[in-house]
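Engineer: Sequence:
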Amino acid sequence: MSNKRTIIDVRTPREFMNGSIVDSINIPLQEIQKRLDEIKSLKKPIILCCASGDRSGQTTEFLKSCGVDCENGGNWMEVNSIN
1 MSNKRTIIDV RTPREFMNGS IVDSINIPLQ EIQKRLDEIK SLKKPIILCC
51 ASGDRSGQTT EFLKSCGVDC ENGGNWMEVN SIN
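With our numbering, the residue at position 4 of the sequence shown is 4, and numbering never jumps.
Not one of these hints is a red herring.
Restricting the straight-line Cα-Cα distance to at most 30 Å, the calculated cross-link-like pairs of lysine-lysine (DSS-like) are: (1) K43 - K64; (2) K34 - K64; (3) K40 - K64; (4) K4 - K43; (5) K34 - K4; (6) K44 - K4; (7) K40 - K4; (8) K64 - K44; (9) K64 - K4; (10) K34 - K44.
Here are the computed distance ranges between Cβ atoms for each label pair: (11) S81 - P45: 14 to 20 Å; (12) K64 - K34: 17 to 23 Å; (13) V22 - G67: 27 to 33 Å; (14) E38 - E71: 17 to 23 Å; (15) D69 - N26: 19 to 25 Å; (16) N18 - D69: 26 to 32 Å; (17) P45 - M77: 17 to 23 Å.
None of these hints come from the bench; they were simulated from the model. Beta carbons are placed, not taken as given, at the ideal position from N, Cα and C, and that holds for glycine.
Between the sequences and the hints, there should be enough to build the whole structure, so can you do that?
Structural biologist: Printed below as a string of structure tokens:
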């Protein structure tokens, strides 16, 4: 993982196990709110990804509303190709 950012994959654990970005963190969409303090402590900026960009987009909006420096990376395979 880059020392300058954190990549969070919001897919389900099963999806994550079938392929993921090296050193990314799997925090499923359903767990984002309860793990907010943990997320706020991670290196910034945070790049969010999922299978299509929809769930990571929802998560990005929520985290930004909570003051977290983050962006939607979209599809995890696209983020992986530039990582």
